[in-house]
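Residue strings, one per chain:
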Amino acid sequence: MESSKENLAVELQGVFKKYGDFVALKKIDLEIKDNEFFTLLGPSGCGKTTLLRVIAGFEEISEGTILLKGERIGDLPPNKRPINTVFQHYALFPHMTVEANVAFGMKMLGMSKAEVADRSRKMLEMVKLGDFAGRRPNQLSGGQQQRVALARAMAPGPQVLLLDEPLSALDLKLRHAMRVELKQLQMETGITFVFVTHDQEEALTMSDRIGVMDHGILQQVGTPHEIYEKPVNRFVADFIGETNIFDATISHVGDANCVCVLRNGSSVGCEAGSNPQVGAKCHLSIRPEGLEMSRANDEPRSLGGRVEQVVYLGTDTQYLIRIPSGELVTVRCQNTIADGVNYSTGDEVALKPRDGAARLLVD
Amino acid sequence: MALASRNIRKYPGFFSMTLLCMVLLYAPLAVVAAYSFNDSLSITRWGGFSFRWYLDVFFGLEADKFRDAAWNSLSIAFLAATASTIIATAASIGMVRGGEFRAKPASFALISLPLMVPEIVTAVATLIFFSAIGFVRGYATILVAHIVFCIPFAYLPIEARLRGIEGTFEEAAQDLYASRGQAFRFVLLPLMAPGIVAGYLLAFIISLDDFIITNFVKGAGIETLPTAIFGAVKQGIKPNILALSTLMLLISIGFVTISYFVSRKGVKPGGHGAPETT
Ligand SMILES: Nc1ncnc2c1ncn2[C@@H]1O[C@H](COP(=O)(O)OP(=O)(O)OP(=O)(O)O)[C@@H](O)[C@H]1O
Ligand SMILES: [Mg+2]
Numbered sequence: 001m002e003s004s005k006e007n008l009a010v011e012l013q014g015v016f017k018k019y020g021d022f023v024a025l026k027k028i029d030l031e032i033k034d035n036e037f038f039t040l041l042g043p044s045g046c047g048k049t050t051l052l053r054v055i056a057g058f059e060e061i062s063e064g065t066i067l068l069k070g071e072r073i074g075d076l077p078p079n080k081r082p083i084n085t086v087f088q089h090y091a092l093f094p095h096m097t098v099e100a101n102v103a104f105g106m107k108m109l110g111m112s113k114a115e116v117a118d119r120s121r122k123m124l125e126m127v128k129l130g131d132f133a134g135r136r137p138n139q140l141s142g143g144q145q146q147r148v149a150l151a152r153a154m155a156p157g158p159q160v161l162l163l164d165e166p167l168s169a170l171d172l173k174l175r176h177a178m179r180v181e182l183k184q185l186q187m188e189t190g191i192t193f194v195f196v197t198h199d200q201e202e203a204l205t206m207s208d209r210i211g212v213m214d215h216g217i218l219q220q221v222g223t224p225h226e227i228y229e230k231p232v233n234r235f236v237a238d239f240i241g242e243t244n245i246f247d248a249t250i251s252h253v254g255d256a257n258c259v260c261v262l263r264n265g266s267s268v269g270c271e272a273g274s275n276p277q278v279g280a281k282c283h284l285s286i287r288p289e290g291l292e293m294s295r296a297n298d299e300p301r302s303l304g305g306r307v308e309q310v311v312y313l314g315t316d317t318q319y320l321i322r323i324p325s326g327e328l329v330t331v332r333c334q335n336t337i338a339d340g341v342n343y344s345t346g347d348e349v350a351l352k353p354r355d356g357a358a359r360l361l362v363d
Numbered sequence: 001m002a003l004a005s006r007n008i009r010k011y012p013g014f015f016s017m018t019l020l021c022m023v024l025l026y027a028p029l030a031v032v033a034a035y036s037f038n039d040s041l042s043i044t045r046w047g048g049f050s051f052r053w054y055l056d057v058f059f060g061l062e063a064d065k066f067r068d069a070a071w072n073s074l075s076i077a078f079l080a081a082t083a084s085t086i087i088a089t090a091a092s093i094g095m096v097r098g099g100e101f102r103a104k105p106a107s108f109a110l111i112s113l114p115l116m117v118p119e120i121v122t123a124v125a126t127l128i129f130f131s132a133i134g135f136v137r138g139y140a141t142i143l144v145a146h147i148v149f150c151i152p153f154a155y156l157p158i159e160a161r162l163r164g165i166e167g168t169f170e171e172a173a174q175d176l177y178a179s180r181g182q183a184f185r186f187v188l189l190p191l192m193a194p195g196i197v198a199g200y201l202l203a204f205i206i207s208l209d210d211f212i213i214t215n216f217v218k219g220a221g222i223e224t225l226p227t228a229i230f231g232a233v234k235q236g237i238k239p240n241i242l243a244l245s246t247l248m249l250l251i252s253i254g255f256v257t258i259s260y261f262v263s264r265k266g267v268k269p270g271g272h273g274a275p276e277t278t
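In the order they appear, the protein sequences are chains L and F.
Each step along the first sequence adds one to the number in this note's numbering, with nothing skipped, and position 230 is 230.
Each step along the second sequence adds one to the number in this note's numbering, with nothing skipped, and position 59 is 59.
Since the hints were made in silico from the structure, they are not lab data.
Since the structure is predicted, the reported quantities are computational estimates derived from the model, not experimental observations.
Don't take every hint at face value.
Pulled a few chain F residues facing chain L out of the computed Cβ check, cut under 7 Å [stated by the list, open to error]:
id: 1; residue: Gly-164
id: 2; residue: Ile-165
id: 3; residue: Thr-168
id: 4; residue: Glu-171
id: 5; residue: Ala-172
id: 6; residue: Gln-174
id: 7; residue: Asp-175
id: 8; residue: Tyr-177
id: 9; residue: Ala-178
id: 10; residue: Ser-179
id: 11; residue: Phe-184
id: 12; residue: Val-187
Here a beta-carbon is modelled for each residue, glycine too, at the ideal position from N, C-alpha and C.
Given the sequences, and given the hints that come with them, work out the whole structure.
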């Protein structure tokens with residue numbers, strides 16, 4: 001996975017951003033690769049917009065270094081950075097036509113009139129708005145405005161495109177369609193995208209890599225698969241998808257694996273995280289689809305409980321199971337035609353983590 | 001409807017109060033306008049319809065005096081409105097976009113204070129100021145005084161407009177490689193334009209209409225329309241004054257109307273552009 005520094009688009013080293021006493025960004029170290037679709041994901045107020053604004057140049061950083069293609073850009077104003085932004089509410093210039101909006105950046109860069117006109121038209125065709133060149137932004141639907149904002153930001157050919165929750169103002173159907181389109185645009189143009197969202201599904205489906213943020217700290221950076229399957233801490237495990245978190249104690253440490261004992265005494269094997277200590281308290285995360293369910297048996301130390309709720313989800317069925325400690329555990333089973341086993345509320349069941357399903361969390 | 005009992009129109013005396021106010025406000029104006037077309041030397045007895053007093057304003061004995069006064073009034077209003085609008089625009093950008101600074105509330109009070117100070121006090125103070133620095137009274141003193149007292153009138157509509165314009169437009173412009181100057185010229189200024197025009201027109205009318213301050217600082221031998229009319233009236237009201245007043249009224253109404261439509265039109269700077277979906 002080690003990439004050479006040459007194909008990095010944006011690099012942040014130890015970046016802090018403070019508003020008075022409030023620290024909005026805490027020691028952000030981040031490498032965004034060239035041509036990558038990178039997503040910043042996190043709950044509201046975690047600092048995603050702040051991080052984008054820092055990269056765009058709208059906010060001065062309090063500490064640290066920002067590099068674009070290996071060059072320091074920390075002191076450059078926004079208009080000197082070859083980076084463009086798609087704003088959350090688009091910020092299309094209301095007094096200009098769609099075409100003038102798209103042409104604006106190229107004009108400011110001093111491109112020739114013919115070139116600007118030609119490229120504006122091409123960009124508008126690319127976002128399928130060729131017939132709308134003469135309209136004003138307020139004569140467009142939300143989805144169309146969004147495309148104009150996209151065309152406007154991509155027209156000057158930036159090295160990095162920043163997108164701040166560009167889909168949040170669209171309805172569900174349009175949002176899904178735009179996901180596919182955005183991803184295609186990114187692959188066609190090869191521009192590095194830094195995309196901000198608080199929608200984990202959006203992040204998982206579109207991104208090459210995801211950075212999960214909370215409280216101004218970058219919690220984990222990795223591919224969607226890594227983030228989902230190997231969350232490093234409780235926040236990431238909880239935030240991405242659904243999961244069951246169990247209190248446990250480490251009972252045995254091997255080379256690459258270790259064994260943890262849950263509170264009811266059953267032991268679960270899992271991949272060893274960083275430096276596990278025998279006897280240490282820890283948390284285990286097991287996804288709903290990582291638990292296997294069977295009829296209750298008399299094996300003394302197995303995890304088990306009573307089915308409290310059954311939710312039919314089409315391809316899956318989801319069960320809520322009350323375990324003796326009082327907690328609710330979510331289990332999801334695929335509905336196959338062959339599998340005739342069905343459980344109903346009140347059934348006593350036994351639960352067993354599938355191999356490799358349990359994930360040791362550092363905190 | 002249940003609300004009907006609270007309808008303000010149901011209060012006893014509402015209608016008569018309204019009528020009284022309207023009559024007090026507008027009856028004198030209506031009388032002046034009507035009698036300006038009176039074909040008689042008297043200003044109280046109707047002698048038939050005619051334009052003679054309008055002709056008298058332009059070609060009569062006092063025509064030269066009125067023409068000079070009109071020229072002074074219009075040129076001073078034009079220059080004072082222009083200067084005060086430029087100053088007010090700069091001030092509003094400083095106040096709205098300048099971030100937080102300690103002297104901000106004080107600055108705002110300073111800008112809008114002239115609206116609350118009795119005009120006679122300003123007039124006396126201005127006169128004392130000009131005498132103290134030995135400024136010879138004349139056209140220049142009127143102009144300077146007008147620029148100063150027009151600033152708050154130009155400032156208020158411009159500031160209101162600017163407050164409604166989201167900062168993201170300027171950020172978007174800078175993001176698209178515009179320098180600060182270009183962002184101002186191509187994005188902020190066009191968006192502010194309706195406010196600026198409204199402020200300009202308001203300043204223009206205020207200057208055109210001013211009597212008290214002008215009368216104090218003008219010095220001998222120079223008149224504006226209001227001081228000229230005041231001077232003429234001192235020897236008794238002739239019907240040509242009614243014609244002149246009606247003309248000024250028309251100019252004012254014209255400006256207010258333009259100002260109203262300009263500030264209502266303009267592109268809505270709300271920003272979100274109503275992201276309705278189809
Ligand atoms: N100009 C500012 N002054 C002070 N605090 C600020 C400022 N801008 C942002 N903050 C604070 O910084 C934190 C991060 O804000 P930011 O806008 O980056 O959040 P976000 O992750 O984009 O949230 P959302 O998903 O709601 O847009 C918030 O707690 C916010 O209150
Ligand atoms: Mg945000």
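| Unsatisfied constraints (hint numbers, rising) | 1, 2, 11
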